[in-house]
Structures are given as C-alpha cells and as structure tokens.
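K.L.:
Take a look at the letters that make up each chain.
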Amino acid sequence: MGHSDGDHDDLSADDSPWSEDIWSDDNEGSLSFEDSGEGSDAESDETDALAAEESDSSEDEVAPRNTVGDVPLVWYKDEEHVGYDISGRKIKKRDREGRIEAYLRNADDAKNWRKIYDEYNDEEVQITKEEAKIISRMLKGKTPHTNVDPYPDYVDWFEYDDKGHPLSSAPEPKRRFVPSKWEQKKVVKLVRAIRKGWIKFDKPKEEPNFYLLWGDETDTADNKRQGLSYIPAPKPNLPGHEESYNPSVEYIPTQEEIDSYQLMYEEDRPKFIPRRFDCLRSVPAYEKALREGFDRCLDLYLCPRTRKKRINIDPESLKPKLPSKKDLRPYPRTCYLEFKGHNGPVKSLSVEASGQWIASGSSDGTIRVWEVETGRCIKVWKVGGVVHRVAWNPQPDRHILAAIVDHDLLLLNAEIGDEEVQMRTKKLLHIEELAPEEEETGDKKPAVKWVNHDKFDGIMLIHHKAVSTVEWHFKGDYFTTVVPSGDSRAVLLHQLSKKHSHHPFRKLPGLPIAAVFHPSQKMFFVATKKFVQVYDLQKAQIVKKLESGVREISSISIHPGGDNVIVGSKDGKLCWFDTDLSTRPYKALKTHLKDITSVTFHRKYPLFASSSEDCTAYVFHGMVYSDLNQNPLIVPLEILRGHSSSDGRGVLDCKFHPRQPWLFTAGADSLIRLYCD
Amino acid sequence: MPKHYRPAGKKKEGNAAKYITRTKAVKYLQISLATFRKLCILKGVFPRDPKKKVEGNHKTYYHMKDIAFLFHDPLIEKFREIKVHRKKVKKAVAKKNKDLADRLLNRPPTYKLDRLILERYPTFVDALRDLDDCLTMVHLFAALPAVEGERVQVQRIHNCRRLSHEWQAYISRTHSLRKTFISVKGIYYQAEVQGQKITWLTPHALQQVLTDDVDFNVMLTFLEFYETLLGFMNFKLYHSINVNYPPVLDPRLEALASELYALCRYMSSGIVPGNSEPAKLVEDKDESELRLAQLQHQLPSNEPGALMHLVQESTAADVEDDDAKECRSLFKNVKFYLSREVPRESLLFIIPAFGGTVSWEGEGAPFDETDEDITHQIVDRPTQSHVFLSREYVQPQWIYDCVNARIVLPTEGYVVGRVPPPHLSPFVDNNAEGYIPEYAETIKKLQAAARNQVLPLPSIGDEDMEKTLVEAIIDRSASNEVAEKKRKLEMLEQQYHDELKMEYEGKTYSHTKADNPTDVVDNDSEAANNHVDDSYKQAEKDAADISKTVMSRKQRGLLEAIEIHHERKKDKVNLLKKRKKNAESSASTKGR
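Chains as they are written, first to last, in the working numbering: chain A, 1 to 677; chain B, 678 to 1269.
Just so you know, the hints here were simulated from the structure itself, not pulled from any lab data.
Bear in mind that the values here come from a model prediction, so they are computed numbers and not experimental data.
The C-beta atom is built at its ideal place from N, Cα and C for all residues, glycine as well.
Take these hints with a grain of salt, some might be off.
Stated by the list, open to error - Which bits of chain A does chain B cover? Going by a derived footprint, with three or more residues having C-beta under 8 angstroms, they are:
id	stretch
1	145-157
2	197-204
3	224-230
4	241-247
5	298-309
6	585-591
Unchecked claim - Pairs of lysine to aspartate or glutamate, EDC-like flavour, derived with a Cα cap of 20 angstroms:
id	chain 1	residue 1	chain 2	residue 2
7	B	Lys704	B	Glu732
8	A	Lys235	B	Asp1106
9	B	Lys1247	A	Asp364
10	B	Lys913	A	Glu207
11	A	Lys271	B	Asp890
12	A	Lys507	A	Glu552
13	B	Lys720	B	Asp807
14	A	Lys325	B	Asp1219
Let's have the full structure, built from the sequences with the hints guiding it.
P.N.:
Rendered as structure tokens:
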C-alpha cells in the first residue's frame, strides 16, 4: 500500500497515461502533501496555485516524518506511538477525540470535506482545491490535468505512398547482388573517353591573351587586306565651340530661339543645344552618352557605305565661258526713252515697218501712235474697250493698224504718211455694201463678219468668239487671227484685199495659242499649248510638229531666216528650235522667274529678246550660220530692268526696231520704254 | 511581265547577282539574325549601296563577296558549337546530371579574335586609323557603374578601365597628346601616334545611367572586338617603347583607384629592369606581384622627380619632331597639386603628357600639399580658404587651355571664384568657319607674343613678372598696330590738306561760298554713289545670273547648292555676330 515520491512525480508529469494500480489504494487515503497539508486553514486560495506548482519540488525535499517503514500499522495499534521520527524518537499518537466532538468540529468547519486523516503520520491533512479537482477528474476517468490531449493526431513514421504495403516481404532479387551490365558499359565509355582525352577534368590552361600581333611589317604582300575594298567609316564630327562646357556667349541661343526650335521639323531641329556652366564642377553627366555610343555602333554596322566623291570646286568654274559681250555689240542695254501717256497697262505694241512710229494698245481703252524719235504721242483712238493687241501692216505704204478690241478685230487707218498713201489705205479699208446676207444659210453663226466701222473709218471683223492674237503676212495682204475657244474654227486666215476669211485647220492638238506666218515662204506656224505645228499653205498639209516640252506656250517668234523658232512658256522657259535639226528644242533656257509674255527676233541683227511678268526683259545674241554644220550660237547678253510691277504683272510685250538694235517694251506700269545700245 | 524577269535557267547578272538582301544572306548562311549581326560586327562587314536596288529600295544590301567571306569564316562553326554546348548544358541541368553540367560548364567552347584583327587591319597603321571608335567605346564602358546585376559584367568594365588606363599611360609617357577639349558630353582628347591623329571622348567622371533605349547585345559585341583590338594595340605600343605589356601595378595604388599613376610609375621603372621580371612573374604570381610592387615602389624612390627623370631619359632616346618637343616641355618646370574636387584622372593624364609633375589630395600621392615647390594648385571651388603665397590657384580649365594654346597662359582669368574665359574647341578652323571668337584672338596674340619673346621664360616662381612681361609684349604689339593706323590716318589727312590747298589756290576767291557747295556736292555725289553702287551690284548680279541661263540643269543645281551652302554659312556667322552684339549691349546697359 505504501507509495514513494516517484509516484507523485509520475502524476505531475501529466503526459504519461496514469496506471490504475498506483491509485488502487486510494480508499486508504494515503496521499501525502505534507507542506500544503500542515498549514491547513491558514492557506488562502491565491497561494494555492503557487503551491501547486511548487509542490513537486517541496515534496522531494521533505521526507516523511514517520520512519517506521513499510509495516502494517496494525502492529502499532495498541502502542502509544505510531512510529519513530528521523532522530529515533517516538512519534506519539494524538489523543482520540470522541465521535461527538469530531462531529461538532466538523459541522463547524466548512472545509471539513477536504480533510483526510493520515494514518501513517497520525495527522489530518487538508487537500487544496486543485488537488481536489484532480481527484474529481480522475474519479470521472479523465486525465488529471486539463491541458492534456488524450487523442493527439497520429504521426506516421513510415511512408505508404504508392506502396500498397509498408514493407515488402518479397525476397531480395538477384540483380541487387550482381554488377550492372549497363552501368559497366557506361563506365567503359567514360573510361575510354577520359583515356582518349575527350573528357577533361582539369580547367583549361590560361594562355597569354595578347602577343605581338603586328610583327615585322616589311612584307608588303601579306599586308594586303583580303576581299572587297574596305571603305572606312567616316569619323564622327569633331566638336565645335558650341559644344564646350563654357562656350562664348554668342554660341548660346536665346530662349526665343530655343522655343522656335519647337516649330521646326523634327529632323531639322538642332540635336544639341549649347549650355554654359560657370565652373567645371557643375557640369553634370551627359545623359545621352550611352545612346550616342549606341547610335554610332548602329551606324557602323547597319549603314550602307559607298565612296562618294566630294567635289570641291570653285563655283565660278561651273559657269560657262561666254564670248565677250563687246564683240557682240550692238545690242540694247540702257533705257533711252520712256513713252508716257497711257493710263492703264500697255498690253501690246507694234513698230511700223519704217521704224518711225510705234503703236500701242492699252487696257484703258485707247490706241496710241507715237513718234519714236521724239517720244510724242501723235494720235489717240478711244476705242472704248480693252485693246489686247495691235499690229502694223508690215507693208510700208499701207498704214493700217490691226487691233483687237475686246472680242473683235478692228482695222484702222493710221492716217500718217503722205496724201496718196492715205487715200490708198482708205480705199482698202472700204467695204462695198454688198448685202452679205446671202451667206446666212445654216443655223451656225458665221466665223467672221466684215463690217464697216463708221466712227474710226475702218473695218470691224466680228468674230464668233473672243480673238486673242492677230498677225500679218509679210506682204501685208493676209492676216491671221486666233480664237482659242473656237474649236475647228480657231485659226482664221483673212485676206484684206478681198475682204474674205476662211478657216483652213479643222483639227489641232490642243488649244491654239498663237499663229504666225513664215517670214519668206508659204508656211504657217500654229502654237498650241505644248506643240508648234508647221503647215505648208500651198500643199495644205502639216510639215512638222515641234515638241516644246514646256508646260504651256505663251508666245512664239520666227527667225527672219525661217528655220529657227523661239517659243516662250508660262513656266519662264525659252526654247530655241532649229527646225532643220530636230523637232525637240535645240536649247531650252531657264531665264525668267515668272511667265514669259512675249518673245521676238530682230529682223536684221542676230538678236532676240524675251519679256516676262517678273519685270525684266532678256536680250540674247542668237547667231544663225548659213553653214548648216554649225549650230546656232546663243549668248545671253543683258537683263533689262526698269519696269515696275503692278497687279503682279511686269513687262507685257517687247518688240525690236526693224532697223536699229533697239528694243521697245510695254509694261503693266502703263509705260513704254525704249532700250538702246 | 515583272521588270526584272529572267528566263528560267539563266543565271543572274549584274546587281542582282552581286548583291543580296539581308534576309537572304541570313538564310544563305543558315544562322540566326543575332548571330549574323554578331558576325558582321566582328568581321567588319557592312552593307553596301548597289546602283540598282533590285529587290526594293527599303532593303539592306550586302555584297555577295562579303557574304561569302562570312560563309568561310571558322567563327560560324564556333558559334554553332557554342549553341550546341548551351543546349547540352541545359539538357544536363534538366536531367539533373550535375556532373555532366559541371564538366560542360568547365570547358565551354571559346574563340579568339586575334586572327580577325590581323585580317581587318593587316598593318598597324590601319588599326591606328580606325582606333577612334574603339577608344571612345572603351572609355565609355570604363565609366559605367561596375555593379553586379546590371546588364554589363563587372569584369568587363574593369577590363575596359584597365585598357583605357594603359592607353592613356602610353600616350602620356610618349607625350603624344596634342589637343584636349572639355565639352558637355565629356572630355575630348586628340593624340598623334605614328602620324595618325586619334581622337576620343571620355565621359565625365560621374555615374552614368544605364538606359533602356540601347541594345546592349550589339554594344557588347562591339566592345568585345574593341577590347581585343585595344589589348593588341597596347601590346604593340608598349613593345615599341620597350615595356612589358601586361603591366603589373602597385596593388596599393590600384586599390586607391589611381591606376593611371601606378601605370605611369610602372612604365618609368619598366625601362630600367628590362626583361628580368616576367620570368619571376609566371611562377608565383600573387607573391611576386606584391614584391615587385614594393620593389618598384622603392626603385623610383619617393621623390617626385622620377617622372621628370624618365622624361629626360626619353629625350635622349628618340628623335621627335618640333610638335612633340613643344608638347613635352610645355609644363617642364611646373609642379601641380590637384585639389580633391577636380577631375583627377583627366589631369593626371594630361599634365605628365606635357611634361609636368603632379600630385593630388589623397593617399598614394607622391607629394603633399605643403610641398614648397608646388607652383600651381588646381582648385575648383568658390573660395580658397588657406592660401600658399608661393603658388597660383587656378581652375582646371587653365590646363586645358594652355595645352591647346601650347603656351603657359596668364592665370589671372582663371583664378579661383572667377568665371573663366570661354573654353574654345581646338578642333575648329576659325578661318574656314569665318568667325573668330574673341578669346581665340587673344590667345593668338599671346602666342605671337610668346614666339617673339627672345628671352627664355623666367623661372615660374615669379609668375607675376612673367605675366607682366607677356602683357607688355601684347601691349607693345597692340601699340604697334595703333601706331600704324595713326600713320595711315596722318597720311590721309596730309593728302586731304594738300588737296584743300590746291583747291584753295585754284579758286582763291569766294572760298566761303566754295565750301558749302562742295559739301552739298559731296552729299549728292554720295547719294549718287550709293545709287551707282546699287546699280553696279545689280549689274554684277545680272552678269552672274545671265551666265546661269545657259548652264545645264545639273550644273545649275550644283551651283545653287554651293550658293545655298555659302549662304547658310554666312547666316550662321551673322547670327553669332548678332548674338555677340546683343550680349555686349546688354552687358553695357547692365554696367551702367
């Protein structure tokens, strides 16, 4: 029945399941909690917890008072003592209380139920609350301590994954004891590889990286680069002053300039904007350093390289050597006279065959005749419409002026010269009233109607549509007019003596611009927008078609020899055709900035001129040789200025004097100028 | 029928046969585009411009011969091997065959570029000619941050640093540096080696940022080639001055990041012991390195004159032209001390290259700030607190300007705390440009003065006296000019007087009347003159224009292009002049 301290230890260890036999003698009430028991009543509940915790250690220290050993206490039943203490003295039994006394004491004491009589030591022991709890838990069959988990999760010490059964009971196979064939094969392979040096284990030896690569360079044959010719990459541009960290002030753009860069195209925008730092220490790292290095790399391996010859020539050497101008004189150079009188742009002028008079037509509705020598205006006709063009009859004894007024053509008697001549012209400009109604057959309007003009004593040729140009034949009897919108009746031929007109050309390649007679033969030139057609009037067939190659022809002139034609265009180009040579221009001169309004040849001198809307007139030397092998010589001579622009128009017409090297120009500034040598 | 139709079975001819587009080239070589790029970069193959672009205008064309040249290069095979090796390693790792993976990684296939270099540059001079880009690139990478985990390996950056220092040491030692220029982008240097002018750019010694807009693969391939090239170049150059090439540096100095100085020192000592070291080196590297470094450390001794000594020795050794002589003796008797804040690496390179002695604030310096012999201290700070009276305190720009001008400039403009005069580019031909900045003229005058000076420069110690001397010379030359002008004026005046006299004698009567009319006439004639001038100009222009009319279109175009170019140049100069004028006027108004 007696029990040792070790049992208590087991109890307090909690974790181990308690065995029944230790507690089997419970009914004998032999729990010994000396320390806690002795103090009995004095113990407070607060200290209980502490005591319970410390109980283990205190139990160990305190030995049982009675040293009688494991003998039945019945043997001491009749003795006065129950045993002996540690020094051998008898432990006296307490006096027996009467039952009634005991009952009374117990009835008074509330803690009585916790008191147990310890027979062995002959004393009463009081159980603490915790001990009581433990006892009650044990009586219920629970673990003595509350924090013990009686059913912990089971931790398996063997892995069953995919094994079916944890352990195999099969006998060990033979292969576990025999060396593997395949392994051996592999080993043999490796061994062989190692022996033959296919597999190396030691690290490769470090060889010196650099050596004298370019040894002796005496052998020139070896020093040739193989393959294609090497084109070295162009070196990057060297930095200029503006890239300095501290450039002069003039290299730093102002804020407005920097702002204006934003308006530029991205590729025009300067990539580098100079900045100025006061000292070297304030210069920051260049953020585009890597980017620029990379760009250079890309340039090096991605840009196609070609050898380009950079010519460094003097611009003067590019200009062609022209013959000295002095040798080519005379030619008009300076303004000699100005004819003032018109109130509007002078649209056209014409020089009389003798060169004594000029006639001019202006958009102020007047035609004027001037004496060249004095610059005086001799005669004025107020025709009451815009005069587009005037043309003298080339015959010296017929002083007839053809003028285009508004839409129609007016033939006028100029009323100069002696009486006889005047009479003759008067007669010529008279139509017998023959009742021309007999022609009115079809529904179509007749192309031209010859009508007497009473006011100016001339003839009016009423065209079906607006007329643009008029040109005389050199003999002075025929003349031609062009009606650009006239379709098949665009170019008309008129005979003055018979007062008759007809339209020989049914079909033209495009809109007609101008028509001119050959100066000596029976040929006829019609300029359309891009081509010049040459007709033989006698055979009534086309002879040649000149291709100008310009955008739009504006004027045409025939060399007095008749083989050369110049054509002025609206894109400022002047084309010289040598009809014997080719149908393409012999020379195209890009002269003017704006439209060419008129081109003209001199009748006697090897000169020709062009006038343009850019207020200039060019004078050229154009020598045509009788030797067919020699090409014409064309030399630009002079730029004549002086006219001022009005309404964006410049010089509207130019004509040479028939005998002198003089040039008349008619300007939009209502002036006529005469340029002389 | 397409334009370039060719009957079946007929071979291609002309441009169609000679040139191949990039895509076709890649297919032909059976490599990837990346490998093709790498190959092109290493072999120096570039696209060419065919006369007729048969396949289209927007394609890159390579010459068929170039492609054949690539096709036969062993490098292609090597690249394939590398690819295979990479796959093997990957497979071994995937199969957890660590042994095999390790073994494979231990011996990766490698290739060398020495053969390519010799192929591309058969002679040394060829290589020198193409060295600009190489140096710029290596210096750029040397300035990148050497940080693990960035896109550039640390080891390569260190290699670049080493190579650039070796190059600089050579240039400095042979005194072949000619021009320097501090730009916003960095510092430009121009050296002359074997008659070749080599220009390179080093970024400012500040942390560069690795941006995302560049393809590092391409750059690193270039760098790979350049590193090898520069290595061989350095070897050859060091060989030519009798120094062992892979130089062994003082580890102490190296640790202090003053490799350049260490290199200089190595070179100076390398000449003396000759070839005895390398044998020692091979056996026991680490130890001998240390010992050698110590040895060297003692050999030139701590006295700062070691470099000077070297300089004197080399003068005797080789014959050089005047330019080199001039460069060598520019800072001959000048001793510099660099403050903490100045760009040390650059100045340590430049000053010895022009014969100067230099030390810096920090460890490993040959002499310290208290040295009595220091004549110039380079500082870059707003104020200098402690001043030694015996020396000049100048800003770093002074050195660069001196080098470019090839004379020791007066220091007063560069004193601490002052905004230095404008730094001008030495690479610009001012006369060709048509505009000469003000300071360039000043320098020119100073140079002329220095050349005329019969006396040798007085000792640098009394800088003030020299300065005054230079000034005096400038003054003198200026006064000469003034005197000449005066003489001319006098002559004119005399003439005028004579004329007046004659006039006076001619019409002795009514000279009071005569005076006024002449004035009026003068005015009139002036106006008339102007008019005449205008008309003359017009006439001249006309004469010029008129010959243009008969020119062919092509020539006219050429002429116009030239004229436009001239016009632009003139505009630029005019803009500069205008800005200058504005600046001056605003300065003067401020001054008031």
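K.L.:
Compare the structure with each hint and give your call.
P.N.:
Structure-based check of all given hints:
Counting residues of the stretch 145-157 of chain A whose beta-carbon sits less than 8 angstroms from any beta-carbon of chain B gives 0, not enough to reach three: the coverage restraint is violated. With 5 residues bearing a CB less than 8 angstroms from a CB of chain B, the stretch 197-204 of chain A meets the requirement of three and the coverage assertion stands. Under the rule that three or more residues need a Cβ within less than 8 angstroms of chain B, the assignment of the stretch 224-230 of chain A holds, with 6 such residues. Counting residues of the stretch 241-247 of chain A whose CB lies closer than 8 angstroms to any CB of chain B gives 6, so the stated coverage by that chain holds, three being the minimum.
Three residues within the 8 angstroms Cβ limit are the bar, and the stretch 298-309 of chain A against chain B gives 8, so the coverage statement holds. Three residues within the 8 angstroms Cβ limit are the bar, and the stretch 585-591 of chain A against chain B gives 4, so the coverage statement holds. Between Lys704/B and Glu732/B, the direct Cα distance comes to roughly 16 angstroms. Compliance with the 20 angstroms bound is thereby established for this hinted pair. For the hint pairing Lys235/A with Asp1106/B, the CA-to-CA distance comes to about 17 angstroms; that is within 20 angstroms, so the pair holds.
Between the alpha carbons of Lys1247/B and Asp364/A the distance comes to roughly 48 angstroms, so the proposed pair goes past 20 angstroms and is violated. Of the supplied pair hints, the one linking Lys913/B and Glu207/A holds, its CA atoms being roughly 18 angstroms apart against a limit of 20 angstroms. Using a Cα cut-off of 20 angstroms, the hinted pair Lys271/A and Asp890/B holds, with the two alpha carbons roughly 17 angstroms apart. At roughly 19 angstroms between alpha-carbon atoms, Lys507/A and Glu552/A fall within 20 angstroms of each other, so this suggested pair holds.
For the proposed pair Lys720/B and Asp807/B, the alpha carbon gap of about 14 angstroms is at most 20 angstroms, so the pair holds. For the hint linking Lys325/A to Asp1219/B, the alpha-carbon distance of about 13 angstroms falls within 20 angstroms, and the restraint holds.
This entry does not satisfy hints 1 and 9, going by the numbered hints stated previously.
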